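Read top to bottom, the protein sequences are chains A and B. The working numbering applies: residue 4 is where the first sequence begins, and numbers increase by one. The working numbering applies: residue 113 is where the second sequence begins, and numbers increase by one.
It cannot be assumed that every hint is accurate.
[Said to hold, decoys possible] Only some residues are given here: those of chain B computed to face chain A with a beta carbon under 10 Å:
id	residue
1	P257
2	L261
3	I265
4	L299
5	V382
[As the list claims (entries may be wrong)] Beta-carbon label-pair distances, calculated as ranges:
id	chain 1	residue 1	chain 2	residue 2	range
6	A	S133	B	A144	52 to 58 Å
7	B	I244	A	A135	26 to 32 Å
8	A	T183	B	L222	45 to 51 Å
9	B	I244	A	L12	17 to 23 Å
10	B	E190	A	L99	51 to 57 Å
[What the hints assert, rightly or not] Here chain B is said to cover these stretches of chain A; the calculated rule only asks that three of the stretch's residues, wherever they fall, bring their Cβ under 8 Å from a Cβ of chain B:
id	segment
11	9 to 22
12	67 to 74
13	142 to 149
14	155 to 164
15	246 to 258
16	271 to 282
Quick caveat, the hints were computed from the structure, so don't treat them as lab data. Owing to the predicted nature of the structure, the values given are computational and were not obtained by experimental measurement. Positions of the beta carbon are idealized from the N, C-alpha and C atoms, including for glycine.
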Amino acid sequence: MYAYIIRRLGFGALTVFGVSILVFFIMRVMPGDPLTAIFGPEGMTKLTEEQRLSYMEELGLADPLIVQYFRWLLDIASGEFGRSFFRAESVGEMVLRRGPLTAQIAILSVILSWVVGIPVAIISALRPNSVADNGVRFVSIICLAVPGFWLGMLIVLGLLFGFGYRAPLTGAALFENPITTLQIIIGPAFVLGIGQAAYIARMARSSLLEVIREDYVRTARAKGLSGQLVVRLHALPNALLPVITLSGILLGFVLAGSIPVERAFGTPGLGYAMFTAVNERDIFVMQNLVFLYAVVFVLLNIMVDIIIAWLDPRIRYQ
Amino acid sequence: MTENLADTPIVKTDVAPPSLAVRVWRAIAHFARRSPMSAVWGVIAIAIVLMAVSAPIIAPHDPLKSNFRTMQKPPSAENLFGTDQIGRDTLSRTIHGSRTSLIVAISAVLIGTTGGALWGLASGFLGGRFDIISQRIIEFLQAFPDLILAMAIAMALGSGTTTVIIAIAITRIPFGGRVIRSVVLSLKEMAFVEAARSLGASNLRIMALHILPQCIAPYLILATTHLGVAIIIEASLGFLGVGIPPPTPTWGNMLSDALNAGLVPPWWLVFFPGAAITITVLAFNLFGDGIRDVLDPRLRGSV
Chain A
4 MYAYIIRRLG FGALTVFGVS ILVFFIMRVM PGDPLTAIFG PEGMTKLTEE
54 QRLSYMEELG LADPLIVQYF RWLLDIASGE FGRSFFRAES VGEMVLRRGP
104 LTAQIAILSV ILSWVVGIPV AIISALRPNS VADNGVRFVS IICLAVPGFW
154 LGMLIVLGLL FGFGYRAPLT GAALFENPIT TLQIIIGPAF VLGIGQAAYI
204 ARMARSSLLE VIREDYVRTA RAKGLSGQLV VRLHALPNAL LPVITLSGIL
254 LGFVLAGSIP VERAFGTPGL GYAMFTAVNE RDIFVMQNLV FLYAVVFVLL
304 NIMVDIIIAW LDPRIRYQ
Chain B
113 MTENLADTPI VKTDVAPPSL AVRVWRAIAH FARRSPMSAV WGVIAIAIVL
163 MAVSAPIIAP HDPLKSNFRT MQKPPSAENL FGTDQIGRDT LSRTIHGSRT
213 SLIVAISAVL IGTTGGALWG LASGFLGGRF DIISQRIIEF LQAFPDLILA
263 MAIAMALGSG TTTVIIAIAI TRIPFGGRVI RSVVLSLKEM AFVEAARSLG
313 ASNLRIMALH ILPQCIAPYL ILATTHLGVA IIIEASLGFL GVGIPPPTPT
363 WGNMLSDALN AGLVPPWWLV FFPGAAITIT VLAFNLFGDG IRDVLDPRLR
413 GSV
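Just chain B, with the same shape it has in the complex:
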């Protein structure tokens, strides 16, 4: 049973399935059996997403409201993570920070990685001059370390959530493009593409119906890895002062505020936001590793 499932491609359109719920449940059970460790981190990742969604409900205090009687106090029963220089509750700010962080990371990946992947699909499949020009443009984009490119774009467009999303999304394009293009290059030589073409299918039809489904596994693996990278870039931009501007709490600008406060930042203002970044990135990375191992073990190390 297990071996059968392992060989099953994730999208299978021709076999009548038992029902969607059953299939999803089976896939989850299979995932948990194959890599229990990743399943645990997957649960943590989902918990972080839930935390971000329900931030206003679970945060004990208003993240923006300062309280001048409790300024820069160490962790206590009232403020579990302590308070910052103007008496805002660090726990509530950290919880709300997950919101910004995830919104930015998920949108950046949805726009950048997906855009890059589709571009890579088209350029790999169509080939010719389009492919050569695309490759050059991607090379130009890849000539920058991603943080520097994101900094330049974020600074040029001026600070704001949309700007940061665009800046990070652009840095994701070349990676998505490269990986998917190489997958497509090997796919398009396969017999089923030739068969479709001999039946008179158009380029668009072959790309959408025959090539695209095969790209979903590498795309999912890429996207989960990119989530972690995007979270770190977002935090770095916030830390460098070109991210989402205060007072909106983000993990990056909380760390930056801590450093701006004085010569010696209080430990709780440094420790908690950074720990939040680490745990979130760890959760997405390990979840991604698990997805990769289950979907396509051959890609280990390549994405």
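Excised from the complex, chain A in its bound form:
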């Protein structure tokens, strides 16, 4: 087991290294002048060549790329992650301030997706091709097609016109102000959770259908166990393994999906910061946030692999 974990972490470190090079490459070796972001296309024309060079020097953009890359690695190691063009806060501080809200949204959405997805999948799988099954499948297909941010906008509008309700806009700490926080995160978490629930239900259904045909399930039934107990004790635990893997991968996609969804709800989380950075063309913030998102995504995948290996000895002895 430890050998497995170490091997996975080793590959993970390699991936993170590759990711850092890829992000740096995308952000720096791009056409266009990073100074356009600060001065705007019109301001750029008024800048003299000397001014331009001195600004580039000041921002450290005039150095050779390899020097810039290693300086960035040092910034990451220091935990500061570089600075915004426009704000005094370092990216590290911004992540600490805004990250928790997005993390809460992501976790709540995962919980929602299991609470909705698994029971639905059980109902579906126990009576395949029944009316309930077909209904569930149709609804899940629709859920996969609806863009989350659009659903979010509709919910905001619907609540406003139907009930005159608008979620509070201020950021809030979970423990100081649990009710306000819940009001802020419930909307995005619902939208993102529904999207995941559709995937979870689909996967759990097909996985259950497969497991139900296995010999040990037939044995359990033959020895006289009731149908409900067979599902709960024998079929479900085994059927859930691929669902756990999927859920971990989906969590990474939820972090990305929360960017447009947070914009739709006006939630002051990390996703909104990403939206702001991309619109301000703030390459330093973007570079660091993209890198951080990728690292979190890689770590989530490793975590899921380890959990699966822990639950399923067949994998770790391979």
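Position chain B against the provided structure of chain A, taking the given hints into account.
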């Protein structure tokens, strides 16, 4: 009859066919019988494509022309979907939006999924060091959630149609590569590959003539699924302000404009573009599911 057709691989080169038109017609009839629901959505998907092609003819108004006498008006007989903040007709903009959306999605899939698939074919078949390096690169690309990778690339390259296509295409590469590679890995152990090799066929010849045709079914399934994903990514990029810039109407930047207009966006500016996205994605997804069920039911759930 039906069972025979079900077993027929979609590309069959050695049997003399009745005629191309007859074969195509039979394939369509077979598809409609096997999954009528998907056939209906397939028709809707084709209708959306036709709408995009003929947008300038069927749109009742000029999508870019503002009319200051009808600013932000709710749906009426004159403007069925209402008008936006500067009096442009939302219906015409939604119709024209399908154009951008489909051009971007189809090009991104044609470049990205196809490129990835060919790469996966080569790396799966050739194996060795090429395969190991390819797998690492694909892993790096897959270390990003696709929307974030697309955002970063679109921002770095600057906004524009080509940029958005490239950004989405790059996010499609790893998926195409992975799926096709695994198909190829199982194919290359089969007897017909060995037979071809023993007859002295080169790697390139085996890949092009023996392996490639077998990959077409999984590729088609993958490509239709990716169309839906690409449409959603395009809309998200537009919504986040890194997509195709205004005034060109896209469903994403229409929703973004609605949100920028004021604190409370009018419902018709929110509802119609989003409904267009949903229906289009639904049509392509269900059409894709149908294609998958007919071509290869074993792939259910795996692609």
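Tested hints:
1. The beta carbon of P257 (chain B) comes within 3 Å of a beta carbon in chain A, closer than 10 Å, and the hint placing it at the interface holds.
2. For L261 (chain B), the suggested interface contact is upheld, since its CB lies about 8 Å from the closest CB of chain A, less than 10 Å.
3. Hint status for I265 (chain B) relative to chain A: holds, with the closest Cβ pair at about 6 Å, below 10 Å.
4. Annotation: interface hint on L299 (chain B) violated; nearest CB of chain A at approximately 23 Å, more than 10 Å.
5. For V382 (chain B), the interface hint holds, since its Cβ comes within 10 Å of a Cβ in chain A; the closest pair sits about 5 Å apart.
6. Roughly 24 Å separates the CB atoms of S133 (chain A) and A144 (chain B), a value that falls outside the hinted 52 to 58 Å.
7. Roughly 47 Å separates the CB atoms of I244 (chain B) and A135 (chain A), a value that falls outside the hinted 26 to 32 Å.
8. For the pair T183 (chain A) and L222 (chain B), the beta carbons lie near 48 Å from each other, so the given range of 45 to 51 Å is met.
9. In this structure the supplied range 17 to 23 Å holds for I244 (chain B) paired with L12 (chain A), their Cβ-Cβ distance being about 20 Å.
10. Range check, E190 (chain B) to L99 (chain A): about 53 Å between beta-carbon atoms, so the 51 to 57 Å window is met.
11. For the segment 9 to 22 of chain A, the stated coverage by chain B holds: 5 residues have a C-beta nearer than 8 Å to a C-beta of that chain, and at least 3 were required.
12. For the segment 67 to 74 of chain A, the stated coverage by chain B is not satisfied: 0 residues place a CB nearer than 8 Å to a CB of that chain, which falls below the threshold of 3.
13. With a cut-off of 8 Å between beta carbons, the segment 142 to 149 of chain A has 5 residues touching chain B; three or more are needed, and the interface restraint holds.
14. Judged by the Cβ-Cβ criterion of 8 Å, the segment 155 to 164 of chain A is covered by chain B as claimed, because 5 of its residues qualify and three suffice.
15. Requiring three or more residues with a Cβ within less than 8 Å of a Cβ of chain B, the coverage given for the segment 246 to 258 of chain A holds, as 3 such residues are present.
16. As drawn, the segment 271 to 282 of chain A meets chain B at 4 residues by the rule of a beta-carbon pair under 8 Å; at three or more, the given contact holds.
Taken one by one, the earlier hints fail for this structure at numbers 4, 6, 7, 12, listed in ascending order.
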